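Peer 1: Letter by letter, the chains look like this.
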Amino acid sequence: GIQVEQSPPDLILQEGANSTLRCNFSDSVNNLQWFHQNPWGQLINLFYIPSGTKQNGRLSATTVATERYSLLYISSSQTTDSGVYFCAVIGFVGDDTGKLIFGQGTTLQVKP
Amino acid sequence: DGGITQSPKYLFRKEGQNVTLSCEQNLNHDAMYWYRQDPGQGLRLIYYSQIVNDFQKGDIAEGYSVSREKKESFPLTVTSAQKNPTAFYLCASSSQSAGAGEAFFGQGTRLTVV
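Listed in order, the protein sequences are those of chains V and C.
So for the first sequence, my numbering puts the first residue at 102; every next one is plus one.
So for the second sequence, my numbering puts the first residue at 887; every next one is plus one.
Derived from the structure by calculation, the hints contain no laboratory data.
Keep in mind the model is a prediction, meaning the values are calculated, not measured.
Think of the CB as a built atom: it goes at the ideal place given N, C-alpha and C, for glycine as much as any other residue.
Below 16 Å or equal to it, Euclidean Cα-Cα: the simulated EDC-like pairs (lysine to aspartate or glutamate) are: (1) K943(C) - D197(V); (2) K155(V) - E988(C); (3) K943(C) - D196(V).
Anything over 12 Å on all C-beta distances counts as not near chain V; from chain C, calculated: (4) S893; (5) P894; (6) N939; (7) E948; (8) G949; (9) S951; (10) K956; (11) T963; (12) T965.
Using the sequences and the hints given, assemble the complete structure.
Peer 2: Next comes the structure, spelled out in structure tokens:
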């Protein structure tokens, strides 16, 4: 089945720094999303981005579907950005059809 | 408001008892999913359903059961066969139009078995 790998697994930043999180996937996908899990466990939708580039405030994301990766950029990080960032894909071939598959996440800690 | 509702938020059960977690959505989504998350870990897929009256096993289906009798509802039963049921359970739905669609999550249910 499709493998989703995120890097780095852990990241510590000083407030105000920029960062790039990466998501690699092993096969063609129909869907790619980025989520932020807050300290209460809630998954917040950041981007739905099967291809191309999107921006939302200090966050932006780029997916290059032909090369099977996506990047999440966080600029001018704030302590409220802390938490776990997940990418997830939906397969459309064989046993992965319709399956929403998650990477293991990147745990971000932003220090004041 | 449109969204996904999981209930209850916290659930305590005695070992050996079956327990059912509720997940309801009013987004008119075709696909629904159940995930389990253990402390400090990622999300593992338990079951998913792409259409009413049909569902597929995910990666960790043993000890769990589901039903999909209505489009808006996808309850998960944690049976006594599940060896380690204490965990955070998350439900999601997506439109799956043309094979893809943005997924949204409920707020989760924390199950503790004592």
